[in-house]
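Novice: If you want the building blocks of each chain, they are given just below.
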Amino acid sequence: MKQHFQIINDPRFRLVYNEHRLFGTGPAPRKIRLNREGFTMVPGVKKKTMVYPGMLLAEHPSLEKGDLHAPMYGVITEINARSVFVEAVDPQEQAPGTFPDPLEPVNLLKDGLEGEELVLAVKKMGVNTRSLGRRIRTLIVNGLNPEPGIRWAEPMLVEHAAEIRAGLELQRRFGRAEEIMLAVPTGCNVQFEGVRTVHVDPMYPNSVNELMIKEVTGMEAPPDVAAVGLHNVWSLGRTALTGLPLMETVITMGTAREWANYVVKNGSIVGELLEFTHISLKSGDTILRGGPLRGESLDRLDRSITKGSYGFFVVNAGEVPPIEGDSPCINCGACIQICPTRIDPRMLSRYAEFGRYDMSRKENFRLCIDCGLCGYVCIARRPVLQYIRLAVKKLEQEERLSQLTPIEPVSKA
Amino acid sequence: MSTSQNNDILLAISTPPFWHCGRTIRKNSFHTLVALTPAVIMSLIHWGLPAARVMALAIVVAMVTEAVCQTLMKQKLSQDNGTAAITGLLLAFLLPASAPWWLVVIGAACAMGIGRMAFGGYGANQVNATLVGWAMIFVSFPFQMDAAASLLQTDLIDPLLKLKYFGADAVADISLFDLLLGRQLGGLGSSQVGALLIGGIYLALRGVIRWEIALSFIIGTFLAATCLHFADSSLYAGPFFHLGTGSTILAAFFLATEDSCSPHRPLPMVLYGLTGGVLVILIRAFGSYADGAPFAVMLINLLAPMFALIRSHPFGTKPSKAGAADWRTRA
Numbered sequence: 001m002k003q004h005f006q007i008i009n010d011p012r013f014r015l016v017y018n019e020h021r022l023f024g025t026g027p028a029p030r031k032i033r034l035n036r037e038g039f040t041m042v043p044g045v046k047k048k049t050m051v052y053p054g055m056l057l058a059e060h061p062s063l064e065k066g067d068l069h070a071p072m073y074g075v076i077t078e079i080n081a082r083s084v085f086v087e088a089v090d091p092q093e094q095a096p097g098t099f100p101d102p103l104e105p106v107n108l109l110k111d112g113l114e115g116e117e118l119v120l121a122v123k124k125m126g127v128n129t130r131s132l133g134r135r136i137r138t139l140i141v142n143g144l145n146p147e148p149g150i151r152w153a154e155p156m157l158v159e160h161a162a163e164i165r166a167g168l169e170l171q172r173r174f175g176r177a178e179e180i181m182l183a184v185p186t187g188c189n190v191q192f193e194g195v196r197t198v199h200v201d202p203m204y205p206n207s208v209n210e211l212m213i214k215e216v217t218g219m220e221a222p223p224d225v226a227a228v229g230l231h232n233v234w235s236l237g238r239t240a241l242t243g244l245p246l247m248e249t250v251i252t253m254g255t256a257r258e259w260a261n262y263v264v265k266n267g268s269i270v271g272e273l274l275e276f277t278h279i280s281l282k283s284g285d286t287i288l289r290g291g292p293l294r295g296e297s298l299d300r301l302d303r304s305i306t307k308g309s310y311g312f313f314v315v316n317a318g319e320v321p322p323i324e325g326d327s328p329c330i331n332c333g334a335c336i337q338i339c340p341t342r343i344d345p346r347m348l349s350r351y352a353e354f355g356r357y358d359m360s361r362k363e364n365f366r367l368c369i370d371c372g373l374c375g376y377v378c379i380a381r382r383p384v385l386q387y388i389r390l391a392v393k394k395l396e397q398e399e400r401l402s403q404l405t406p407i408e409p410v411s412k413a
Numbered sequence: 001m002s003t004s005q006n007n008d009i010l011l012a013i014s015t016p017p018f019w020h021c022g023r024t025i026r027k028n029s030f031h032t033l034v035a036l037t038p039a040v041i042m043s044l045i046h047w048g049l050p051a052a053r054v055m056a057l058a059i060v061v062a063m064v065t066e067a068v069c070q071t072l073m074k075q076k077l078s079q080d081n082g083t084a085a086i087t088g089l090l091l092a093f094l095l096p097a098s099a100p101w102w103l104v105v106i107g108a109a110c111a112m113g114i115g116r117m118a119f120g121g122y123g124a125n126q127v128n129a130t131l132v133g134w135a136m137i138f139v140s141f142p143f144q145m146d147a148a149a150s151l152l153q154t155d156l157i158d159p160l161l162k163l164k165y166f167g168a169d170a171v172a173d174i175s176l177f178d179l180l181l182g183r184q185l186g187g188l189g190s191s192q193v194g195a196l197l198i199g200g201i202y203l204a205l206r207g208v209i210r211w212e213i214a215l216s217f218i219i220g221t222f223l224a225a226t227c228l229h230f231a232d233s234s235l236y237a238g239p240f241f242h243l244g245t246g247s248t249i250l251a252a253f254f255l256a257t258e259d260s261c262s263p264h265r266p267l268p269m270v271l272y273g274l275t276g277g278v279l280v281i282l283i284r285a286f287g288s289y290a291d292g293a294p295f296a297v298m299l300i301n302l303l304a305p306m307f308a309l310i311r312s313h314p315f316g317t318k319p320s321k322a323g324a325a326d327w328r329t330r331a
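Chains as they are written, first to last, in my numbering: chain F, 1 to 413; chain D, 1 to 331.
Please keep in mind that the hints were generated in silico from the structure rather than gathered at the bench. Mixed in with the good hints, there may be bad ones.
Here are the simulated DSSO-like cross-link-like pairs (lysine-lysine), alpha carbons at most 27 Å apart as the crow flies [said to hold, decoys possible]: (1) K124/F - K46/F; (2) K318/D - K362/F; (3) K31/F - K48/F; (4) K318/D - K214/F; (5) K318/D - K393/F.
To spell it out: a stretch of chain F is covered by chain D in this simulated footprint if at least three of its residues, at any positions, have a beta carbon under 8 Å from a beta carbon of chain D; those stretches are [unchecked claim]: (6) 96-103; (7) 277-283; (8) 296-306; (9) 360-372; (10) 383-389.
All C-beta atoms, glycine included, are put in the ideal place defined by N, C-alpha and C.
Using the sequences and the accompanying hints, generate a full structural model.
Specialist: Here's what the structure looks like:
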């Protein structure tokens with residue numbers, strides 16, 4: 001009823017696009033920019049180091065985060081606190097011996113590693129694995145397009161099923177869950193060996209993990225069920241099949257009218273991607289990394305597609321009413337009606353607007369699943385989701401600080 | 001030329017989501033004005049130029065008052081979003097066509113100044129701004145506000161006054177069709193019941209107003225009137241009479257549904273509407289005012305925060321009753 005009378009009557013929110021083209025291959029980058037925040041550079045990797053595909057550049061201290069590898073032949077031009085810049089070089093033109101022989105593929109499937117050993121091996125291959133904390137009963141692979149506008153899920157399940165099959169096999173060998181299920185849109189008939197397929201109504205926000213779990217199990221936040229994205233399973237499968245570290249990511253690239261899925265190198269510069277897809281920009285357009293509802297807008301064309309990004313879009317000026325900045329909340333209640341977690345985005349956005357982050361606790365801000373619908377329906381064009389994210393971040397900072405023990409001055413007595 | 005080196009393009013930075021439903025305050029106001037148009041036309045047919053005079057004056061005064069207040073409060077002027085015009089027009093709908101100019105000016109200025117801007121602006125008021133203005137002039141100038149007393153050159157009668165002073169039998173022969181066509185004495189727009197009904201349904205289908213409120217308001221009126229009618233049909237008129245007279249339909253679709261003054265979750269909305277509908281009949285049957293609808297709406301506006309306290313538990317949390325064990329710790 002809600003959808004017919006009230007808020008969402010947007011056909012774009014149906015997450016099935018009947019898209020079955022194979023993934024295109026992205027451009028060979030002339031330049032890349034890899035995000036190194038949180039990573040420790042490997043000794044010896046510095047400015048002017050020659051790099052080759054699959055070369056380890058930096059390690060992440062966490063077991064969940066994959067290490068950073070160079071995706072192409074090139075030379076490091078700059079390393080700063082946030083990024084590593086690499087410029088492409090042609091290996092043919094270099095003196096022999098500049099680069100070592102291509103990497104020997106590692107067959108993760110044949111090696112027979114299991115459990116934590118496999119997690120470590122996968123981390124060394126550059127794939128992020130989400131830690132589930134403990135062994136759980138059910139792990140659901142979220143086979144829906146994560147957001148409206150993202151269109152790689154269907155071709156991934158059908159045309160690129162080999163990667164998914166290998167990825168699911170690795171997931172099984174992690175041994176983190178007793179049962180693995182695959183959630184696919186209603187009407188999609190895919191079967192993978194050893195994995196039970198379950199169907200979910202493909203209407204956004206059902207593709208958000210928390211709501212997908214609810215659709216599958218019928219319970220809100222059941223204690224021993226967790227979800228993992230299809231994109232991550234594809235990355236796992238990709239490394240298993242190629243035997244090489246993860247150097248690319250699948251993204252949907254496009255505008256409101258045209259789109260296509262590409263496998264692009266990690267760290268590709270968005271300007272080069274725009275050039276490759278012949279998308280022209282005008283002043284006032286917005287470019288965004290991620291999906292149209294939860295992504296982030298980029299300020300410059302030399303930003304890059306980071307590891308694990310799943311989309312890159314151009315929103316032309318005038319497509320959506322502009323956000324005017326400090327428009328006050330008019331209490332229309334659209335966000336309250338649309339919020340799938342039944343919290344009150346209206347008050348949360350106000351608390352953040354006026355700096356009363358402490359008040360957000362009363363309104364269960366932690367239950368926000370980041371679906372972005374509150375901002376989508378806001379007729380005053382307030383950045384509601386951004387306000388909630390701000391409150392979450394501020395409170396997390398506050399909590400981290402409160403956990404530190406204050407240093408007592410050493411008494412002389 | 002490569003795009004990656006083109007620095008002439010200035011990109012717009014924004015926050016997610018980058019899609020939008022496309023609805024804005026201005027578009028909602030536009031739809032509301034479209035929905036009010038049939039009633040405007042019907043009132044012009046019935047009352048002619050005097051009605052046009054009252055409506056135009058109310059709209060202009062409302063917008064000017066808003067502009068003056070916003071200037072004084074150092075806010076951005078927002079007359080272009082149309083909300084002030086709607087407040088003015090709705091106020092005019094509640095006035096008789098014969099209302100003197102000063103009455104309209106005072107009403108519209110009070111509605112905008114005290115009803116809305118004193119609370120901070122559009123969407124911050126707790127009670128419907130139109131009704132605040134209406135209540136102030138209704139209580140202060142009862143004679144000028146009474147259509148039956150001030151409109152002498154007409155054959156129409158105010159069915160609610162007839163009901164009040166002559167009982168239900170006297171109004172039994174008034175046909176619903178006449179009421180729908182606006183052949184009754186009352187506010188110049190609020191008496192155009194059929195036209196308002198069409199406009200209201202348009203708004204509900206558009207999703208501009210919340211249909212739960214309008215529907216439950218009408219159901220509340222209907223049920224309460226039916227109960228009283230069955231209890232004593234010589235004293236209390238039937239439900240369709242009450243729906244077709246006074247400003248019941250205007251209140252159900254345009255006044256009670258004002259976003260900032262009503263609850264937003266399903267159950268509170270239904271309770272809010274039902275309470276309003278029942279109050280309309282209670283005020284009409286047992287109160288001293290002939291038309292209870294505007295007062296009923298003001299009362300439920302004040303009750304709205306109470307209704308809003310009824311809410312289900314947020315996602316994945318469980319009610320924590322005193323003494324009850326946590327569900328997860330149970331074996």
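Novice: If you check each hint against the structure, which ones fail?
Specialist: 6
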